Amino acid sequence: MEHPRRCNEGFDENALAMLDSSGVKEACDVDDDRNSFLEAVRSAYLVPDSPPTPSWKIFNATFQILRESKSLELAVASYLLLMELDKRYPRVSTGGVGELVVDKEAWSPFIIGLEVIHDVAEHALANSELLIDSSRFSCLVVDISQALNKSNSVLLVKDVEDMLVFQYLISVIEADFLPRQTLYKETLDWNHPRESIINILLTSRKLNFKNIVKDCMLIADKLSHHQQKHCPDDIKNANNFAKTSSDGDLALVIAADQIGKGTCLSMQKLLTLILELDVMKKEADLQGCTSRVDGRRTPLLEMVLDELTYNKDQISTFLEVFKEPRWKLEIVLQYFSKYCTKSSVRTRRSSESSDDTTFEYLLSSFSATSSAKAIIKKITLEVARLLVAHAFQAYLSLQQQPKHATTFTGRIGASSLSQICNAMIVTFQNFRKIDESMEITSFEKEALFTAAVLSEKEP
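All the letters of the sequence shown, read from the start, carry residue numbers 1 to 459 under the numbering used here.
None of these hints come from the bench; they were simulated from the model. Some clues are possibly wrong.
Claimed, not checked - Listed below are the simulated EDC-like cross-link pairs for lysine to aspartate or glutamate, each with C-alpha atoms no more than 20 Å apart in a straight line:
id	residue 1	residue 2
1	87	105
2	338	382
3	57	31
4	185	283
5	433	382
6	57	39
7	57	12
8	445	320
9	323	221
Keep in mind the model is a prediction, meaning the values are calculated, not measured.
Working from the sequences, and respecting the hints, build out all of it.
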């Protein structure tokens, strides 16, 4: 849907005048003015059936409130407004077959690439330093990581603001990437993902990709206890708490808990998008479509595997947070393939996967006590149980996606559901033979119980 680029200068001047804090004002007065501004923008650009597109200055002022309001209520309100505006006025979308529609005049919170820098200068934005480049994105992730890693574990309003900014930025990255991914699958034209925000961020020399991955995994680890059930209304509930609670500290604690869940989900989205980008880049590389401009970096999957190998304590929390079934299964299979099985030597540019890196093969590796002992000697029984249970969970989730069944068959194997379930039971029986006193976790019990139930139902 296209939106008219009609001028609304009169409204812009009046709305932006609300934010003029020149003169002596109490903090509460400034907050009231910012609230009035947000309500005015909502009424002007979301309520009418065919409104003009918000100007750069309106978007920028709203984003500025999110970044530096120092108020929980304002941070949540500005976040929600930006999310709704982005939904109403998309920057990137798909048109006809093989067609990508990009609104080149649209505002963006990211200031990356020469074209965007020129646009910022052209619009004469006084607060362009609030926009996000690769360096500022890195700093944001570091700030969140450090806030969560504090010994007292008490989050401040600024910490919650940073989480909301991060969630918003990931939503922008995702909305920009998905249409390009769709077009790439149709055309195999690497230029579509090459020009995505996420790819431009990651190829910047200002961003230390290794540190970003470590910080992301640390954030996932610290927030893992929040990721039980993610409710779409979490942010709205936090806004209600902030408005109605007379105890600001209580509102902050409740909001931080809810917003932490959203941050976990956004972290998973970011990692998933990078994994998907790496797949496309590898395909383009094999076709000779990449160049030195695309840069060379270690694929995310390899970095995640290295982190989980050297920090085994992170395995449980990371896989608990990272719920995307395709990539969860891939991580587990690659973990076993890299450290526990013998496979043919492959180059990084090889397109062939090892035949034995399937879930079916993984379970067969534990079918005999002797081979199970050999694997456990390398990774410990606790890690083996955990990885197998998570792989089974991912396998069951993929079974609920029949339209993608052919895509995942190569990572599962030819075994039926009943055969997989029986192999799961045998695997845990062998685990018990190796350590008769072992105590399995509730998650592993659930996986084993599910396998037993499904094996009886299947013919």
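Status of the hints after comparison with the structure:
1. 87 to 105: holds (16 Å)
2. 338 to 382: holds (18 Å)
3. 57 to 31: holds (19 Å)
4. 185 to 283: Judged against 20 Å, a Cα distance of about 11 Å means the pair holds.
5. 433 to 382: holds (14 Å)
6. 57 to 39: holds (16 Å)
7. 57 to 12: Within the cut-off at roughly 8 Å; holds.
8. 445 to 320: Since the Cα atoms of residue 445 and residue 320 sit roughly 15 Å apart, the hinted pair holds (cutoff 20 Å).
9. 323 to 221: holds (14 Å)
When held up to the earlier numbered hints, the structure conflicts with none and fits them all.
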